[in-house]
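Residue numbers (our numbering), protein chains in the order written: chain A, 2 to 114; chain B, 549 to 661.
If you're looking for bench data, these hints aren't it; they were derived computationally from the structure. The structure displayed is predicted, hence computed values, not measured ones. For each residue, glycine too, the CB sits at the ideal point set by N, CA and C. Don't take each hint at face value.
[As the list claims (entries may be wrong)] On the chain B side, residues computed to face chain A include the following (Cβ under 8 Å):
#1 Pro556
#2 Pro558
#3 Leu559
#4 Pro562
#5 Lys590
#6 Pro592
#7 Glu593
#8 Met596
#9 Tyr597
#10 Arg625
#11 Leu636
#12 Arg641
#13 Phe651
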Amino acid sequence: DARVTQTPRHKVTEMGQEVTMRCQPILGHNTVFWYRQTMMQGLELLAYFRNRAPLDDSGMPKDRFSAEMPDATLATLKIQPSEPRDSAVYFCASGTQVGETQYFGPGTRLLVL
Amino acid sequence: QKEVEQDPGPLSVPEGAIVSLNCTYSNSAFQYFMWYRQYSRKGPELLMYTYSSGNKEDGRFTAQVDKSSKYISLFIRDSQPSDSATYLCAMSRYTGANSKLTFGKGITLSVRP
Numbered sequence: 002d003a004r005v006t007q008t009p010r011h012k013v014t015e016m017g018q019e020v021t022m023r024c025q026p027i028l029g030h031n032t033v034f035w036y037r038q039t040m041m042q043g044l045e046l047l048a049y050f051r052n053r054a055p056l057d058d059s060g061m062p063k064d065r066f067s068a069e070m071p072d073a074t075l076a077t078l079k080i081q082p083s084e085p086r087d088s089a090v091y092f093c094a095s096g097t098q099v100g101e102t103q104y105f106g107p108g109t110r111l112l113v114l
Numbered sequence: 549q550k551e552v553e554q555d556p557g558p559l560s561v562p563e564g565a566i567v568s569l570n571c572t573y574s575n576s577a578f579q580y581f582m583w584y585r586q587y588s589r590k591g592p593e594l595l596m597y598t599y600s601s602g603n604k605e606d607g608r609f610t611a612q613v614d615k616s617s618k619y620i621s622l623f624i625r626d627s628q629p630s631d632s633a634t635y636l637c638a639m640s641r642y643t644g645a646n647s648k649l650t651f652g653k654g655i656t657l658s659v660r661p
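Same shape as in the complex, but just chain B:
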């Protein structure tokens, strides 16, 4: 079993839909949780960053972490065609800039106009 599991997808939704992306993990030492967005033929870029359990909201994006269940989610409200990309969850024991990240395999999201 991999340390981080992510729904494989792909996922296709109509514009305006609410999107829910999820990851589970097995290593209870993970404390920092991130979502990266990767457009085709580009490098991943940070979308959301949370520490420990709880919710964090940024515009149309909400990240949730439930450490007791070892489960994290990313919600996208009012999805737009520009949200079409691959979304990767990532986790680390220490702050993400300076330590090893463990990634999920990513899920490709397509938002249909």
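Chain A on its own, in the form it takes in the complex:
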């Protein structure tokens, strides 16, 4: 049963600390997305990659957020330094060029104190 995996599932940290979230897309999927979900804003696209190359990161605060795909099986989203307003659920999703849908991971629930 192929699925997107994300680690950690939960993270509590203090303001100013670095946070790294990891995602393993479904094997064979060439597009990877990072989303953030909050009650106020809903689900927002932060960045996405196709064939490991960044295509669009316009939704991401550039001064503190960075996203990379070191290889086809790993995507990372890093926040440095973290702030309380970054508290949210961060989802990774993956898809293929011909598919209908993006498949979402279970999310990383981040709380910045």
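Dock chain B against the given chain A, drawing on the hints supplied.
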């Protein structure tokens, strides 16, 4: 004004009721329309997928798209307690697996036994 607006809810209905969920959008370039279902503490999963205007039926679920009015709907017939979840509409210019999705904020549905 956001590109995609969704009725905020929450919505509570008795079991067996017909449920109507709606979204409006402003970007006429959207061609692919989706409904995602999200259970508590899970990632969104695709429920319905339509291209351009028209209706699509899948079991108890019917998706409608009216591009002239920039309006999409999801109907749930004979609603069940297991339908209790948050429903998000999503749209894209290109096929959803491989391109940026713009989501509504979601509406939480509760079906009372």
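- request: Identify whether the interface hint at leucine 636 (chain B) stands, where standing means a beta carbon of chain A within less than 8 Å of its own.
  value: holds, 6 Å
field: Interface hint for leucine 559 (chain B), Cβ within 8 Å of any Cβ on chain A
entry: Violated - the Cβ of leucine 559 (chain B) stays beyond 8 Å from chain A, reaching only about 16 Å at its closest.
query: Was the hint right that glutamate 593 (chain B) lines chain A, CB cutoff 8 Å?
result: This interface hint holds because 7 Å falls under the 8 Å limit.
query: Given phenylalanine 651 (chain B) was flagged as interface, is its beta-carbon under 8 Å from a beta-carbon of chain A?
result: Status holds, d = 4 Å.
query: For the hint on proline 558 (chain B), does the least C-beta distance to chain A fall short of 8 Å?
result: violated, 12 Å
field: Interface restraint verdict for arginine 625 (chain B) against chain A (beta-carbon cut-off 8 Å)
entry: violated, 23 Å
Proline 562 (chain B) as chain A interface residue, shortest Cβ-Cβ below 8 Å: At 26 Å from the nearest chain A Cβ, proline 562 (chain B) fails the 8 Å test, so the hint is violated.
field: Interface hint outcome for lysine 590 (chain B) [beta carbon to chain A under 8 Å]
entry: holds, 6 Å
task: Classify the hint on proline 556 (chain B) as holds or violated, based on whether any CB of chain A lies nearer than 8 Å to its CB.
output: At about 10 Å, which exceeds the 8 Å cut-off, the nearest Cβ of chain A leaves the hint on proline 556 (chain B) violated.
- prompt: Can we keep the tyrosine 597 (chain B) interface hint, with Cβ of chain A closer than 8 Å?
  reply: Holds: closest Cβ of chain A sits about 5 Å from tyrosine 597 (chain B), inside 8 Å.
- prompt: Is the hint on methionine 596 (chain B) kept, meaning its closest Cβ partner in chain A is under 8 Å away?
  reply: Because about 10 Å separates methionine 596 (chain B) from the closest Cβ in chain A, which is outside the 8 Å limit, the hint is violated.
message: Tell me if the interface restraint on proline 592 (chain B) is satisfied: Cβ within less than 8 Å of some Cβ in chain A.
response: holds, 5 Å
Hint check: violations occur at hints 1, 2, 3, 4, 8, 10 and 12; the rest are consistent with the structure.
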